[in-house]
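These protein sequence lines are chains C and X, in that order. Taking our numbering, the leading residue of the first sequence gets 652, the next gets one more, and so forth. Taking our numbering, the leading residue of the second sequence gets 652, the next gets one more, and so forth.
Derived from the structure by calculation, the hints contain no laboratory data. Treat the hints with care, since some could be wrong.
[Said to hold, decoys possible] Over 10 Å on every C-beta distance to chain C, these chain X residues come out as not near it, computed from the model:
hint, residue
1, T655
2, G712
3, R719
4, V771
[As the list claims (entries may be wrong)] Below, simulated BS3-like cross-link-like pairs (lysine-lysine); rule was C-alpha separation at most 30 Å, straight line:
hint, chain 1, residue 1, chain 2, residue 2
5, C, K758, C, K679
6, X, K782, X, K689
7, X, K758, C, K758
8, X, K679, X, K788
9, X, K701, C, K758
10, C, K788, X, K679
No experiment lies behind these values; they were computed from the predicted model shown. Here a beta-carbon is modelled for each residue, glycine too, at the ideal position from N, C-alpha and C.
Number of protein chains: 2
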Amino acid sequence: MRFTAFTDYALRVMIYLALDPGDRATIKDIADDYGISKNHLMKVVNVLAKGGYVSANRGPGGGLELARPADEITVGEIVRLTEDTLQLVECFGADNQCSITPACTLKGIFNESLQAMFGVLDAYSVQDLVKRRTELKKLL
Amino acid sequence: MRFTAFTDYALRVMIYLALDPGDRATIKDIADDYGISKNHLMKVVNVLAKGGYVSANRGPGGGLELARPADEITVGEIVRLTEDTLQLVECFGADNQCSITPACTLKGIFNESLQAMFGVLDAYSVQDLVKRRTELKKLL
Numbered sequence: 652m653r654f655t656a657f658t659d660y661a662l663r664v665m666i667y668l669a670l671d672p673g674d675r676a677t678i679k680d681i682a683d684d685y686g687i688s689k690n691h692l693m694k695v696v697n698v699l700a701k702g703g704y705v706s707a708n709r710g711p712g713g714g715l716e717l718a719r720p721a722d723e724i725t726v727g728e729i730v731r732l733t734e735d736t737l738q739l740v741e742c743f744g745a746d747n748q749c750s751i752t753p754a755c756t757l758k759g760i761f762n763e764s765l766q767a768m769f770g771v772l773d774a775y776s777v778q779d780l781v782k783r784r785t786e787l788k789k790l791l
Numbered sequence: 652m653r654f655t656a657f658t659d660y661a662l663r664v665m666i667y668l669a670l671d672p673g674d675r676a677t678i679k680d681i682a683d684d685y686g687i688s689k690n691h692l693m694k695v696v697n698v699l700a701k702g703g704y705v706s707a708n709r710g711p712g713g714g715l716e717l718a719r720p721a722d723e724i725t726v727g728e729i730v731r732l733t734e735d736t737l738q739l740v741e742c743f744g745a746d747n748q749c750s751i752t753p754a755c756t757l758k759g760i761f762n763e764s765l766q767a768m769f770g771v772l773d774a775y776s777v778q779d780l781v782k783r784r785t786e787l788k789k790l791l
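Modelling step: build the complete structure from the supplied sequences, incorporating the hints.
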């Protein structure tokens, strides 16, 4: 079990933009500073923009910024937006073929475990991710 | 994010064997009753046997049974045994290249979320999975 690189990169973008709320960054800035693929980041930024988390301003002086205050965006929201599935096992999906599903308690247990995980992720905001702002900026 | 089919099948095997603690089942029985691949199940049973959760007895009258009482095996144990990774994001691994890791709080948050998830999975035993024994047996 792991999160996708897409989710990982989305959170890195949010951290980057939360570090300098006044500034506008380009995808190239973010890709270069993290040393990750610009192409991959473009897709990530598109999803964040469509989700209402990032604003993209075109033209001279344009660039990316957070569309909402960092302390009003939870880590859980971003993970829910960017993970391609949260169907932990087959019986979470519409194409489930497991014969014991009607009497099985496992789905409820897995659901409870997922709620517990997101209970933690929803308790932290993007602002919490940039608490060590000065150190983070030195590393980028 | 999802668990592997390997984990899903491992838990189905544990449920199957917990339903009739006195009986011994073959891999063919389990594969046929769930309608899943016998080859896939053989690998799953091997891992469960090596992990000390299933005993395989050869020869006439042989077969598979739980190696420990169902109420002494947690769901969390099985998931830890069978998931190929619990490295939620790159910085959990040895090959991490994320430049901001030294000042990033995200790893701690993800770790806390994983603990919360396993806090739930460790609170349930294999015995809890077969509470609806009569109904489960009818479905197999």
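(request) Find the hints from earlier in the document that the structure breaks and name them by number, from lowest to highest. (result) Numbers 1, 4, 5 and 10 - these are the hints that the structure violates, sorted from lowest upward.
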